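Enquirer: Order-wise, the sequence lines are chains A and B.
The first sequence: position 148 = 162 (our numbering), numbered continuously.
The second sequence: position 234 = 1655 (our numbering), numbered continuously.
Quick caveat, the hints were computed from the structure, so don't treat them as lab data.
Nothing here was measured: the structure is a model prediction, and the numbers come from that model.
Any given hint could be a false lead.
Said to hold, decoys possible - In silico lysine to any residue, SDA-like type, Cα no more than 20 Å apart, as pairs:
{"id": "1", "chain 1": "A", "residue 1": "Lys-178", "chain 2": "B", "residue 2": "Glu-1529"}
{"id": "2", "chain 1": "B", "residue 1": "Lys-1920", "chain 2": "B", "residue 2": "Val-1839"}
{"id": "3", "chain 1": "A", "residue 1": "Lys-131", "chain 2": "B", "residue 2": "Tyr-1609"}
To be verified - What follows is a set of in silico ranges between Cβ atoms, one per label pair, in the way DEER data are often shown:
{"id": "4", "chain 1": "A", "residue 1": "Gln-118", "chain 2": "B", "residue 2": "Leu-1901", "range": "47 to 55 Å"}
{"id": "5", "chain 1": "A", "residue 1": "Ala-129", "chain 2": "B", "residue 2": "Leu-1901", "range": "55 to 63 Å"}
{"id": "6", "chain 1": "A", "residue 1": "Ala-69", "chain 2": "B", "residue 2": "Tyr-1603", "range": "21 to 29 Å"}
{"id": "7", "chain 1": "A", "residue 1": "Met-150", "chain 2": "B", "residue 2": "Ala-1489", "range": "25 to 33 Å"}
{"id": "8", "chain 1": "B", "residue 1": "Gln-1699", "chain 2": "A", "residue 2": "Ala-69", "range": "36 to 44 Å"}
{"id": "9", "chain 1": "A", "residue 1": "Ala-129", "chain 2": "B", "residue 2": "Ile-1477", "range": "46 to 54 Å"}
{"id": "10", "chain 1": "A", "residue 1": "Met-184", "chain 2": "B", "residue 2": "Arg-1891", "range": "25 to 33 Å"}
{"id": "11", "chain 1": "A", "residue 1": "Leu-179", "chain 2": "B", "residue 2": "Arg-1811", "range": "30 to 38 Å"}
{"id": "12", "chain 1": "A", "residue 1": "Met-144", "chain 2": "B", "residue 2": "Val-1435", "range": "15 to 23 Å"}
As the list claims (entries may be wrong) - Derived contacts from chain B toward chain A, CB cut-off under 8 Å, selection only:
{"id": "13", "residue": "Ala-1447"}
{"id": "14", "residue": "Met-1454"}
{"id": "15", "residue": "Arg-1578"}
For every residue, glycine included, the Cβ atom is placed at its ideal position computed from N, Cα and C.
Here is what each chain is made of, one letter per residue.
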Amino acid sequence: MATTALFFVFAGLAIACAISMVYHKNPLYSAISLIGVFVSLSVLYVTLAAPFIAAVQILIYAGAIMVLVVFVIMLLNMEEDKPLNRLRYLYAIGGGLGLILLVQTFFVFYAVMRAPKQAVNTEETIGKTMSIGTAMYTEYLLPVEIVGILLLMAIIGGVILVRKLSQPQMESMVERELERRHEGEDKDDYRIAL
Amino acid sequence: MNTILLQNLVNPNVNLPIVLPEMIVALTGVIVMLYDSFVPRQRSVTGAISLIGLAISAFFLVSMWNDAPQTGWNGMIASDGLRLSFTIVFLLVSAVTILISSVWADNEDVPIGEYHALLLFATFGMMFMASGNDLVIIFLGLETLSIATYVMAGLRRGDLKSNESAMKYFILGSFASAFLLYGMALIYGATGSTNITEIALKVANPNFPALLLVGGAMMIVGFGFKVATVPFHVWTPDVYEGAPTPVTAFMAVGSKSAAFASFLRVFVLGFPLIAGVQASEFLHESWVTALSVMAILTMTVGNIAAILQDNVKRMLAYSSIAHAGYAMVGFIGAGMAKNMQQRDAAIAAVAFYMLTYAVTNLGAFAIVTLLGQKNDRRTAFEDYNGIGFRAPALAFTLSLFMLSLLGLPLTAGFMGKVMVFRPALEANNLLLTVMVIAAAVNTAISAYYYLRLIVVMFFRERTTDWLAPRIPTALTAALLITVLGVLYFGIFSDGVIEKFSKSSVGTVFKAGTRP
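Start from the sequences, fold in the hints, and give me the full structure.
Expert: Right, here's the structure in full:
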């Protein structure tokens, strides 16, 4: 009973925060609303007997990543977001597709409710830190190794992309820019995406 | 309570020989990176190390060819016909891309050591996409490939178009990956397993049939994005145009065939038709119908949009969309196969199609790289005006590739098309027959823009001065490989197809046609 009440409180909070994140035009408010989403989700994870994921959610998403996001927003000193009038016609399409997605979601809920109840194994301890640790180094040894390569590569990629431009690259950039201005190509060439 | 008993632990079932080709490629990537950090910018040395690594990996892969289909790592890795044939295509693509990149590295200031390392790690990801028999492995392979290509697309950092390309690909690609991951989560919820063999067993009696359908639909979105099918193709022309041409070649061929390998494994082997079981029949019919409609749209939109382009790279981008549609014809043929032999033959046909498409397209992009000069400035159709008789070797080779893309008999493209259309026709299904007819009509439409490039090269007058570029040695090697490939696969295709037609892991198959 208490779990159900907690679920409704925090699920509602998560949805409210998500709406507020999309609604606010100030990026900082959006970022803070997103933190609210992450925290409410992590409470839901606790009620689902997954304390490890709940802790990781707080530490990594609400903690590390959001701090980074807030720093970037403050450093870039962004102006308030202005709506793109040029793409206004897309709102209708987006709204229609969103509606279809919503109907689909309700259909899934309905179908799952109607499906015969599955026996839940109460002994299951999948969400515990220890079971995650043992699974990672036994059953899922290979995926963990692949993630190692993935992270190594992501570091290399990040380093390449943020390194200072070298002299020849700078020169070629200037040269291209001059060429572009010379040819007078600065009209917007938004091609119709087929 | 909190003690772990040894007998309770799952044995990881370590089977190093089965992932040896992947391990060699990753190791080569690390060696290249370390070498580059001590002796930077030695493009011939890091290139040579990469090529040797790929060759060793290919050697071990070929030595596994005659083994029976097997699985390792608790069924996470499958070594079967699908894996072997697609992986050899990836290794070829990677090697030829390294050869093509030498022109780019000569003309511009490229961080070449890192580029080679990224390319090898991307290949590593692609190999796991073909060999992964578990949704976890497939997703990790796909992410490894994607992150490497996001970075490679933006390597020309001084160029706004390259930045735009990387940014677009990154944002849309992450979005598609999220769809794929959500689909995988729902499939796990519906079947209780991420292992594809077990999913196939559970499809007959899933926990939640509705979740299976929604999960399948989301995975179609994710994979559809990676293979660039309509309506998930919008990113393709901009990304292909902005990325450095060798990277475009790699994305157009490598990423596409890797995504096809996973797509085939998840849908054909994971969601089979089990006759007489309603849940399985409904799921199977849904995905076959959805993919058939997508295939027809993909071919048509790709070809018609390609006609309208005036930039060779954009034209090739739309042509790559159309080719994804042709490959999907064989894919759906594999899904509709009536017995295991037919199914494995159809999978081999798709792999062979990707091989023919790889040699042809890599060759075409090699020439576009050379003619594009520094920063890919010369990639419009008018830049190809009248070069035919001033650089006959390049022009004739490019014409050969265009004819192969079109599917002219005696070229690889023709045999590839024949092989993928055959299983779809053998299915004797109205929708599939319509699809093959659409493919044939589209082949005729595509003649317009492939031949247009040849006409432009040979029959237009050139008003500006133009000197034929010197063809560097590495590019000569790449062109030699691709030209020989186009001719060899076009004329002596039987041997290759026979080699590719090995049985797949995934035994769930009950003969029977849908009522």
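Enquirer: Does the Cβ distance between Met-150(A) and Ala-1489(B) fall inside 25 to 33 Å?
Expert: 31 Å, holds
Enquirer: Is it true that the C-beta distance of Met-184(A) to Arg-1891(B) lies inside 25 to 33 Å, as the hint says?
Expert: 27 Å, holds
Enquirer: Would you settle whether the hint for Arg-1578(B) is holds or violated, based on the nearest Cβ-Cβ distance to chain A being less than 8 Å?
Expert: Since the shortest Cβ distance to chain A is 6 Å, the answer is holds.
Enquirer: Between Lys-178(A) and Glu-1529(B), is the straight-line Cα distance small enough, at 20 Å or below?
Expert: With Cα atoms ~16 Å apart, Lys-178(A) and Glu-1529(B) stay inside 20 Å; holds.
Enquirer: For the hint on Met-1454(B), does the least C-beta distance to chain A fall short of 8 Å?
Expert: It holds, given that the least Cβ distance between Met-1454(B) and chain A is near 7 Å, below 8 Å.
Enquirer: In this structure, is the beta-carbon distance linking Ala-129(A) and Leu-1901(B) contained in 55 to 63 Å?
Expert: 59 Å, holds
Enquirer: Holds or violated: 21 to 29 Å for the Cβ distance of Ala-69(A) and Tyr-1603(B)?
Expert: 23 Å, holds
Enquirer: When you take the CB atoms of Leu-179(A) and Arg-1811(B), is the distance between them in 30 to 38 Å?
Expert: 35 Å, holds
Enquirer: Would you mind confirming whether the straight-line C-alpha gap from Lys-1920(B) to Val-1839(B) stays at or under 20 Å?
Expert: 17 Å, holds
Enquirer: With chain A as the partner, please determine if Ala-1447(B) meets the hint condition of a C-beta pair closer than 8 Å.
Expert: Holds. Min distance 5 Å.
Enquirer: Could you say whether the range 47 to 55 Å given as a hint is met by the Cβ separation of Gln-118(A) and Leu-1901(B)?
Expert: Holds, since Gln-118(A) and Leu-1901(B) (Cβ atoms, about 52 Å apart) stay within the stated range.
Enquirer: Go ahead and decide if the range 15 to 23 Å is satisfied by the Cβ distance of Met-144(A) to Val-1435(B).
Expert: Check passed, 22 Å falls within 15 to 23 Å.
Checked against the numbered hints listed earlier, the structure breaks none of them; every hint is satisfied.
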